[in-house]
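Chains as they are written, first to last, in my numbering: chain W, 1 to 516; chain G, 517 to 813.
Hint data in this document are derived by calculation from the structure and do not stem from the laboratory.
Just so you know, even glycine gets a beta-carbon here, dropped at the ideal spot from N, CA and C.
One should not assume that every hint holds.
Said to hold, decoys possible - Label pairs and their calculated CB-CB ranges:
id: 1; chain 1: W; residue 1: Y40; chain 2: G; residue 2: D611; range: 50 to 58 Å
id: 2; chain 1: G; residue 1: S689; chain 2: W; residue 2: P479; range: 29 to 37 Å
id: 3; chain 1: W; residue 1: R19; chain 2: G; residue 2: P570; range: 54 to 62 Å
id: 4; chain 1: W; residue 1: A153; chain 2: G; residue 2: L547; range: 44 to 52 Å
id: 5; chain 1: G; residue 1: T554; chain 2: W; residue 2: G363; range: 25 to 33 Å
id: 6; chain 1: W; residue 1: S21; chain 2: G; residue 2: G581; range: 53 to 61 Å
id: 7; chain 1: G; residue 1: E700; chain 2: W; residue 2: A453; range: 57 to 65 Å
id: 8; chain 1: G; residue 1: T554; chain 2: W; residue 2: E364; range: 45 to 53 Å
id: 9; chain 1: W; residue 1: V60; chain 2: G; residue 2: M605; range: 24 to 32 Å
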Amino acid sequence: MSDSDTPLYAAREPIFPRRVSGAFRRLKWQIMMVTLGIYYVTPWIRWDRGANLPDQAVLVDMANRRFFFFGIEIWPHEFYFVAGLLVMAGLGLFLFTAALGRVWCGYACPQTVWTDLFLAVERWVEGDRNARMRLHKAPWSARKARLRITKWALWLAIAIATGGAWVFYFADAPTLLRDLVTLNAAPVAYGSIAVLTATTFVFGGFMREQVCIYMCPWPRIQGAMMDEDTLTVAYRDWRGEPRGKGLRRRKSNTEVPDPQATTRAAGPKMGGRSPVIPMHFGETRAVIQRPKFYGDEPGDCIDCNACVNVCPMGIDIRDGQQMACITCALCIDACDEVMEKIGKQRGLIDYLALSDAPRERAGEAPKPARKHILRPRNLIYFGLWAAFGLALLVALLVRPEIEATIAPVRNPTFVTLSDGSIRNAYDLRIRNREGEARAMEVSLADAPGLAIALEGTEDGTVTVPADTQGLTRLYVTAPEGSAPATTSRTDIEIEVRDTTSGATARVDTTFDGDDR
Amino acid sequence: MSSDKSNKPEDQDVETTGHSWDGIQEYNNPLPRWWLWTFYATIVWGVIYTILFPAWPLVSGATAGVLGWSTRENVAQEIAAVRDANADMRQGIVDTELAALEGDPDLHGFAVNAGAAVFRNNCSQCHGSGAAGATGYPNLLDDAWLWGGTIEEIAYTVRHGIRNEDDPDARYSQMPAFGDILAEEEIETLVTHVQGLSDGGDPLSGPGGELFANNCAACHGEDARGMQDLGAPNLTDAIWLYGSDDAAIHQSISEGPFGVMPAWGERLGEAEVRAVAAYVHQLGGGEAPEESVDAPQ
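So here's chain W without its partners, still in its complex pose:
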């Protein structure tokens, strides 16, 4: 320990990722188009549900407490569907992280996708890495101002579109768009757009990797979810080391460096770049025997820094797996490009499992990816995930056509009428999810001697308006001296029948008599 002059605070080092092309870059463009497409287009899809229900395919209707998803309508009491989907999302993340590391971070996280989009705009306006670095260092000039303002204006346009798309999920999109433009929309709509525009603009344009490293809890959690069979982006140090450029490569033929010094393992690096918080693989990494053979000959890594230059997080993957790495795999594309140019085998940086490192060092073939992925841990995650999915699907499919609940009025439990008969009152709630009103006939199932009456109607039917829960007061009367009238509790069953479709539902309740 030294009370050195290490600063307490460090300013962000700007990162200028270079353009790269390759299989992973193509995949990332495709995923970006699909995810952004889903986000921007979904609220505009129409779905006909009849006259009394909204025709928006995906709609979170807060005011009326309804969630519409294509043919599915969720009411608040069915929130367990949402909870189930969240459980599935959690298990899905366990599965993907255990199998493939931080693929969520690298490919699908909104922070990654929007940062990628913002970077594409930045590159289009200001040029690639070197041009941007020059512009960054250049003093303010008309050209710099023009480029910066163009870039910020484009970012802002994307940010407004992003914040704007969000609110369309919560109201009828065409109506809301018209209201927004004519300044008639609710203040909460403008507020939401403003907040999300600001966060998109700042997070995508300026915060970028800082969000991942310092704001997001996920990198810390994922460290605990990966194991030595997890496929993640890594550097084959036994192939690449000792690295070096031309002169050094020749020199290294004569000098045998200390094997310890060539070890490139997980660890932080502070080479003038942004501080990196290490994420060690744990003990496994430490017990790997470092063979000495790569001390004699130069490795495949020519230290061209292509992997570092393309990294949106500004790290060096050759330092080993680390917390700041979102495994976007762009360094794989960059390195493969270089390896092809110099006529070496691709895959110096690759998706690797830690457990394969000793095998490869010993010259053995690594386990195929399929075997890493289809290991018991992942299969258990998948099984749980699929079980939840099936349970939710079954729960969705067996939802009854008529849902009715009945609650006896307990204050008082019964009323003695003037003719000595005993009357119980019940609150009967019937849910009508349909887009039109339904007439429901309410009757007593199999209860001789008891009489049923509905408050407000003579014919025993109640009409429940479209998309509502109807509340009806129900009276059941037992004649004086009859068994239910003189027993403290009798089980009864109420039948609700849709007079149009003929569908029925039965609800159980009890009849309280006067047993004094």
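Since chain W is already given, all that's left is putting chain G on it; use the hints.
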């Protein structure tokens, strides 16, 4: 770039904090500077907030804040706004014929809900929160009404009350204390006689028949089915306001019950009186206007 370093902390550019847990050491990386700015921003925010909003506790109350923001005022405004929004409904309750109220589901629903609130605040003390009443306080759920069970009759009862001295229009009647008029054995005969009425006994025959005809039939009727104009209960039904056992009936006959209900017209206002009448009327025993012919009006 290729600074040849191992992953051992002592070989790193970054110093460690010196803490060690099972060999795991903590790097002493500098904090990002924007965290510091965020921290300063929260301080500035906090200062501005305490100026704008109520914040510093003083001996009585707290500093008001220059925006004059008050939760109590907000609630008062919200209540006033709801009251304004409901003004048409309230006026509708007053302007609509009580008998026609049920024909307007929106207005009726509003009246019943409003009436339920009025009932809980003003009526439940005697009639019970479930309106099931108690000894001496009528059960409002059943189908027996001392003074009439149509919505108009109920509203009149609520508005003017019963046997009170505040309202000249209060419903009034008084059952004599027969303990001063009849002999003890006559009262006992009547107790037995009245108890038999519920089981279908003839009011005017048997040992108590003559006593009943001379003393009770004037108000309770020769058929003992009561008289709503006088608030005289039906003695043939299964409902006993003061209890059905010998002692209770004996006490009723000898002392003469005198149940009092306050007049609520002045205290509640017309809209509330009508609302609570609508609520009580729909509790399960309310009578439609044309059906209330059991007793002379």
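Hint check:
{"no.": "1", "hint": "W:Y40 <-> G:D611: 50 to 58 Å", "in the structure": "53 Å, holds"}
{"no.": "2", "hint": "G:S689 <-> W:P479: 29 to 37 Å", "in the structure": "33 Å, holds"}
{"no.": "3", "hint": "W:R19 <-> G:P570: 54 to 62 Å", "in the structure": "55 Å, holds"}
{"no.": "4", "hint": "W:A153 <-> G:L547: 44 to 52 Å", "in the structure": "33 Å, violated"}
{"no.": "5", "hint": "G:T554 <-> W:G363: 25 to 33 Å", "in the structure": "52 Å, violated"}
{"no.": "6", "hint": "W:S21 <-> G:G581: 53 to 61 Å", "in the structure": "58 Å, holds"}
{"no.": "7", "hint": "G:E700 <-> W:A453: 57 to 65 Å", "in the structure": "46 Å, violated"}
{"no.": "8", "hint": "G:T554 <-> W:E364: 45 to 53 Å", "in the structure": "50 Å, holds"}
{"no.": "9", "hint": "W:V60 <-> G:M605: 24 to 32 Å", "in the structure": "31 Å, holds"}
The structure fails hints 4, 5 and 7 (numbered hints given earlier, in ascending order).
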